[in-house]
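Undergrad: Take a look at the letters that make up each chain.
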Amino acid sequence: MTLADDTSVSLTLDLKGLLCPLPVVKMSKAIKELEVGQIVEATATDPGVMADIPAWCRSTGNTLLALDRRDDHFVFRVRRDA
Amino acid sequence: MSDDGRRSMALIASQGTLDWAYPPYILASTAAAMDMDVRVFHTFYGLALLKKKLKARVAPYANPAMPMKMPFGPAGFQAVEWPIPNVVQTNVPGFNRLATRLMKRTFRKKGVQTVEEMRDMSLELGATLIGCQMTMDVFGFEREDFIPGVEIAGAAGFLEFAADADIQLFV
Chain H
1 MTLADDTSVS LTLDLKGLLC PLPVVKMSKA IKELEVGQIV EATATDPGVM ADIPAWCRST
61 GNTLLALDRR DDHFVFRVRR DA
Chain Z
1001 MSDDGRRSMA LIASQGTLDW AYPPYILAST AAAMDMDVRV FHTFYGLALL KKKLKARVAP
1061 YANPAMPMKM PFGPAGFQAV EWPIPNVVQT NVPGFNRLAT RLMKRTFRKK GVQTVEEMRD
1121 MSLELGATLI GCQMTMDVFG FEREDFIPGV EIAGAAGFLE FAADADIQLF V
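Protein chains in written order, with the working numbering: chain H, 1 to 82; chain Z, 1001 to 1171.
Mixed in with the good hints, there may be bad ones.
[As the list claims (entries may be wrong)] Straight-line distance between alpha carbons at most 25 Å, and here's what the computed DMTMM-like set of lysine to aspartate or glutamate pairs gives:
| id | chain 1 | residue 1 | chain 2 | residue 2 |
| --- | --- | --- | --- | --- |
| 1 | Z | Lys1051 | Z | Asp1164 |
| 2 | Z | Lys1069 | H | Asp14 |
| 3 | H | Lys16 | Z | Asp1003 |
| 4 | Z | Lys1110 | H | Glu33 |
| 5 | Z | Lys1104 | H | Asp46 |
| 6 | Z | Lys1109 | H | Glu33 |
| 7 | H | Lys16 | Z | Asp1120 |
| 8 | H | Lys29 | Z | Asp1145 |
| 9 | H | Lys32 | Z | Asp1145 |
| 10 | H | Lys32 | Z | Asp1120 |
| 11 | Z | Lys1109 | H | Glu35 |
| 12 | Z | Lys1110 | H | Asp68 |
| 13 | H | Lys16 | Z | Asp1166 |
| 14 | H | Lys32 | Z | Glu1160 |
| 15 | Z | Lys1110 | H | Glu41 |
| 16 | H | Lys26 | Z | Asp1166 |
| 17 | H | Lys29 | Z | Glu1160 |
| 18 | H | Lys26 | Z | Asp1145 |
| 19 | H | Lys26 | H | Glu41 |
| 20 | Z | Lys1109 | H | Asp81 |
| 21 | Z | Lys1110 | H | Asp52 |
| 22 | H | Lys32 | Z | Asp1019 |
| 23 | Z | Lys1109 | H | Asp14 |
| 24 | Z | Lys1051 | Z | Glu1116 |
| 25 | H | Lys16 | Z | Glu1117 |
| 26 | H | Lys26 | Z | Asp1004 |
| 27 | H | Lys29 | H | Asp14 |
[To be verified] Cβ-to-Cβ under 7 Å is the rule here; a few derived chain Z residues that face chain H:
| id | residue |
| --- | --- |
| 28 | Thr1017 |
| 29 | Ile1026 |
| 30 | Thr1030 |
| 31 | Ala1033 |
| 32 | Met1034 |
| 33 | Asp1035 |
If you are wondering where the hints come from, they were derived from the structure by calculation, not from laboratory data. As the structure is a computational prediction, the values presented were derived from the model and not from experiment. Glycine included, C-beta positions come from ideal geometry on N, C-alpha and C.
Next comes chain H alone, as it looks inside the complex (with noise of 0.2 Å):
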């Protein structure tokens, strides 16, 4: 999947100026709003979300779809798996 096909994003998330823990903390309480098998895209400008969401997506056991870097922010897409 590329960042360019947006049809099966079920939430998009700004996690743009927030620092850690923030951007995992609000990305595991936007997960629980998803039903398995859908998909968050989230926005971040902490290049900490390089590894951290990685981490996260295999500690959880959620899966990382996608992780871009962007001029100056990030943007992610991970589908509910677990």
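Once you've looked at the hints, dock chain Z against the given chain H.
TA: Below, chain Z alone, put in the same frame as chain H:
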């Protein structure tokens, strides 16, 4: 591993200053967000973090690694690390208060939550916050001094959980 099969973390929070209040709650809230069973045992000065009126301060004296920077003004001004002599830090009345205000302002500006917010978020995410009974007896704290939801236990209560925890940390 906890009884319900989740991974678990046992944390001791022993410091009550503003700077040292952060690590336990950053870890507790993150671990809870990672679906871990989290228990934070607050002992000695860490117990003050559970008070309803939290007044954590920072003392830059004898902490040479603490950057003394200003959270306002032009970028060049903010980049300056002020070499403040120990004699000033210890003799100027209200110096710790000033340093505390500057640190809180820096954190707010950068998008970091207050200690209270992080503590309450940890609770909300399901972390268990425990106050040390012995420290309460020694320092004269009552259950009513603490925020709701705090449990009270002693060393054995913590160790029983810590013995089976995947992560044990002393902060």
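Undergrad: Each hint should be assessed against the structure and marked as holding or not.
TA: Verification of the hints:
no., hint, result
1, Lys1051/Z to Asp1164/Z, "29 Å, violated"
2, Lys1069/Z to Asp14/H, "30 Å, violated"
3, Lys16/H to Asp1003/Z, "37 Å, violated"
4, Lys1110/Z to Glu33/H, "28 Å, violated"
5, Lys1104/Z to Asp46/H, "19 Å, holds"
6, Lys1109/Z to Glu33/H, "30 Å, violated"
7, Lys16/H to Asp1120/Z, "22 Å, holds"
8, Lys29/H to Asp1145/Z, "30 Å, violated"
9, Lys32/H to Asp1145/Z, "33 Å, violated"
10, Lys32/H to Asp1120/Z, "19 Å, holds"
11, Lys1109/Z to Glu35/H, "35 Å, violated"
12, Lys1110/Z to Asp68/H, "23 Å, holds"
13, Lys16/H to Asp1166/Z, "32 Å, violated"
14, Lys32/H to Glu1160/Z, "31 Å, violated"
15, Lys1110/Z to Glu41/H, "23 Å, holds"
16, Lys26/H to Asp1166/Z, "24 Å, holds"
17, Lys29/H to Glu1160/Z, "30 Å, violated"
18, Lys26/H to Asp1145/Z, "30 Å, violated"
19, Lys26/H to Glu41/H, "12 Å, holds"
20, Lys1109/Z to Asp81/H, "35 Å, violated"
21, Lys1110/Z to Asp52/H, "18 Å, holds"
22, Lys32/H to Asp1019/Z, "32 Å, violated"
23, Lys1109/Z to Asp14/H, "18 Å, holds"
24, Lys1051/Z to Glu1116/Z, "10 Å, holds"
25, Lys16/H to Glu1117/Z, "18 Å, holds"
26, Lys26/H to Asp1004/Z, "24 Å, holds"
27, Lys29/H to Asp14/H, "13 Å, holds"
28, Thr1017, "20 Å, violated"
29, Ile1026, "5 Å, holds"
30, Thr1030, "4 Å, holds"
31, Ala1033, "4 Å, holds"
32, Met1034, "4 Å, holds"
33, Asp1035, "5 Å, holds"
The structure fails to meet hints 1, 2, 3, 4, 6, 8, 9, 11, 13, 14, 17, 18, 20, 22 and 28 from the earlier list, while all remaining hints are met.
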